[in-house]
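J.: Listed here are the chains, written in short residue letters.
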Amino acid sequence: MRPAVLTGEYFMTGDVACAEGALAAGCRFFGGYPITPATEIAEHISGRLPEVGGTFIQMEDEIAAIASVIGASCAGVKSMTATSGPGFSLMMENLGLAICTETPCVLVNVQRAGPSTGLPTQGAQGDMMQARWGSHGHYELIALAPSSPQEIFYQTIDAFNLSETYRVPVLIMTDEMIGHLSERVVIPDAKTIQTVSRPSPKGRKDRFNPYEAGPNGVAPMAAAGEGYHIHVTGLTHDQRGYPVMTVEAQEWMMNQLVGKIRRNLDDIIRTEAYRLEDADIVIVSYGVSARTSLAAVDEARDQGIRAGLLRLITVWPFPESQIRELAKRVKGFLTVELNLGQMHLEVERCAAGRAPAFLVGHPGGTIIPPDDVIQALKEHF
Amino acid sequence: MNQPNKQLRHPLDDLLRTDRIPHIWCPGCGIGTAFSACLTAMKKSGIDLEKTVMISGIGCSGRGAGYVNLDSYHTTHGRAIPFATGMKLANPELNVVVFSGDGDLFAIGGNHFIHAARRNVDLTVVCVNNFNYGMTGGQVAATTPLMARTTTTPMGNPDAPFNLPLLAYASGASYIARWTILHARDLMESIQEAILNRGFSFVEVLSPCPVNYGRRNKEKAMDSMRIYQERTLIRNDARPWELDIDFDKGVILGKFIETERPTCTDRYDTVCRPKELLEEMKGSKP
Numbered sequence: 619m620r621p622a623v624l625t626g627e628y629f630m631t632g633d634v635a636c637a638e639g640a641l642a643a644g645c646r647f648f649g650g651y652p653i654t655p656a657t658e659i660a661e662h663i664s665g666r667l668p669e670v671g672g673t674f675i676q677m678e679d680e681i682a683a684i685a686s687v688i689g690a691s692c693a694g695v696k697s698m699t700a701t702s703g704p705g706f707s708l709m710m711e712n713l714g715l716a717i718c719t720e721t722p723c724v725l726v727n728v729q730r731a732g733p734s735t736g737l738p739t740q741g742a743q744g745d746m747m748q749a750r751w752g753s754h755g756h757y758e759l760i761a762l763a764p765s766s767p768q769e770i771f772y773q774t775i776d777a778f779n780l781s782e783t784y785r786v787p788v789l790i791m792t793d794e795m796i797g798h799l800s801e802r803v804v805i806p807d808a809k810t811i812q813t814v815s816r817p818s819p820k821g822r823k824d825r826f827n828p829y830e831a832g833p834n835g836v837a838p839m840a841a842a843g844e845g846y847h848i849h850v851t852g853l854t855h856d857q858r859g860y861p862v863m864t865v866e867a868q869e870w871m872m873n874q875l876v877g878k879i880r881r882n883l884d885d886i887i888r889t890e891a892y893r894l895e896d897a898d899i900v901i902v903s904y905g906v907s908a909r910t911s912l913a914a915v916d917e918a919r920d921q922g923i924r925a926g927l928l929r930l931i932t933v934w935p936f937p938e939s940q941i942r943e944l945a946k947r948v949k950g951f952l953t954v955e956l957n958l959g960q961m962h963l964e965v966e967r968c969a970a971g972r973a974p975a976f977l978v979g980h981p982g983g984t985i986i987p988p989d990d991v992i993q994a995l996k997e998h999f
Numbered sequence: 041m042n043q044p045n046k047q048l049r050h051p052l053d054d055l056l057r058t059d060r061i062p063h064i065w066c067p068g069c070g071i072g073t074a075f076s077a078c079l080t081a082m083k084k085s086g087i088d089l090e091k092t093v094m095i096s097g098i099g100c101s102g103r104g105a106g107y108v109n110l111d112s113y114h115t116t117h118g119r120a121i122p123f124a125t126g127m128k129l130a131n132p133e134l135n136v137v138v139f140s141g142d143g144d145l146f147a148i149g150g151n152h153f154i155h156a157a158r159r160n161v162d163l164t165v166v167c168v169n170n171f172n173y174g175m176t177g178g179q180v181a182a183t184t185p186l187m188a189r190t191t192t193t194p195m196g197n198p199d200a201p202f203n204l205p206l207l208a209y210a211s212g213a214s215y216i217a218r219w220t221i222l223h224a225r226d227l228m229e230s231i232q233e234a235i236l237n238r239g240f241s242f243v244e245v246l247s248p249c250p251v252n253y254g255r256r257n258k259e260k261a262m263d264s265m266r267i268y269q270e271r272t273l274i275r276n277d278a279r280p281w282e283l284d285i286d287f288d289k290g291v292i293l294g295k296f297i298e299t300e301r302p303t304c305t306d307r308y309d310t311v312c313r314p315k316e317l318l319e320e321m322k323g324s325k326p
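Read top to bottom, the protein sequences are chains L and P.
Using the working numbering, read the first sequence as starting at 619 and increasing by one per residue.
Using the working numbering, read the second sequence as starting at 41 and increasing by one per residue.
Hints are computed from structural coordinates only; laboratory data are not their basis.
Misleading hints may appear alongside valid ones.
DSS-like cross-link-like pairs, simulated, lysine-lysine; straight-line CA separation at most 27 Å [claimed, not checked]:
#1 P:Lys258 to P:Lys289
#2 L:Lys996 to L:Lys946
#3 L:Lys823 to P:Lys260
#4 P:Lys91 to P:Lys258
#5 P:Lys260 to L:Lys820
#6 L:Lys996 to L:Lys949
#7 P:Lys289 to L:Lys823
#8 L:Lys823 to P:Lys258
#9 P:Lys289 to P:Lys315
Quantities reported herein were computed from a predicted structural model and do not represent experimental measurements.
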């Protein structure tokens, strides 16, 4: 029996590192459905979960996969699923259920090129807006974008911690390139890994209101079978969790769902700056495209172009204020992503005309070469 | 709201969220009877109610979870069973009862039903079959009898309905019964057996929907009761393929299947877990 945290140094793919990160974070339930290029996460964790006391199940489709994950999380167990484009589309309705019922869970999307069946074995970053708005209604959630197998290991832990802290689904928006890339991954000593569990209720069981928020806007969460007799529904509900079909209830609930994220942006948003201090052109990128951008920044500097990189680690919520601040002092922005302009629209919105925003986009299937970025820098600035 | 006088309390009040009553079900609807049979069965079965969960999908019967004073989950349309599967596998100590309707469980959710039965997930599924989509105003369902009129089959239903016990049987369910709400005691006893049966247990409850189904098929609430009395026969030994619903020929009720085979969790533990961990896990349980 191997332990949950496999301390050591490995040569590992992003998909496998993601599965190991989940185990290190305390994930003990995985409901999945095979899909390229995310399958390896399910394959790896299916062998690992039973030996650490967890449960893996391959469900009949992606709708069932995420429904089982939400059910398992409501039983008090940290839970996740992993998929790619078509499966991500099928999961959208129940993603909304997790948001509305404030059920923590982690959903990995190893993005491939779409739309539809697209290029199943070749990567893209085309689901970034779907991650933000794919489920119906207005909401906030958290989405992360790792740039290496090592980072996906840590980000998966971070994803669980954020999900448990804020009782919100957290998406890991990786891509086929990172998922299938083998690199050195260091798994640290278990003692150094910090994990967070959802706040649990205190006080009298008969007076517990399942949606009465604490100081950070997040309500403690009772698991099924703990004796709190909670009711959980995807209908608009009040603090007791009871359905209430009024405008007031909708306003109250939406304020809670949206507010807990919007009021904690400083705690949630993670970015990384590279050679940004003196940069007058900001490249904004994430995931595999951030690796392209990193190379492009160094090459541009060698050619006398003062470029820097703002790497998005959380893509949602979007670091609006950072872009606004940068827009006051830089010549412009260049977003590099494997789609035809998604996060670029956010950069453009936040730059709000103070600085021009340009795109180096590609519909996916390959990575963007650094030369394309250099060329765009020369063309636009 | 006026609190009911203490001595006038219903014997099931402790299992009800009485502050949510009145419920949404229409006069003449059978869901309340099915729900009441389900609560009575839960109580009589002697299971630990603190470890008992009710899970519903969407629809009139899907509102069941909202009225039970236990841990209760009102999920998305068709997805009560996969939600319940995740919950049961994550914590096998929970008793998980799915209470939902025919449209929810067998049209949009049909795929989940057959797979949960195949795996023999230890769930109790109570399906209130009222032959149509009641909540949305009476559209054709996967259970609507041939030629019956609904708002989306105004000329009559051209398609044959499911034989639900046969579907459950073919999929591997370990307990299968069918009753009507007129057979309230048999129904209650069957649900009780279903709860106590280890494995995937299925109880179909035929139930009138006078407002939406009955109105368009010249069947008032009392007519449905008469049909349930006069055109049904109880045959516990009936073979699943004889259980088509055709009231002109007579509809067979009864307990058709009661078997025990390893559950999904049993098999997962023996096949997938290391033996030493299994012993450790067993040792930690009281």
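J.: Against the structure shown, which of the earlier numbered hints fail to hold, in ascending order?
T.: 3, 4, 5, 7, 8 and 9
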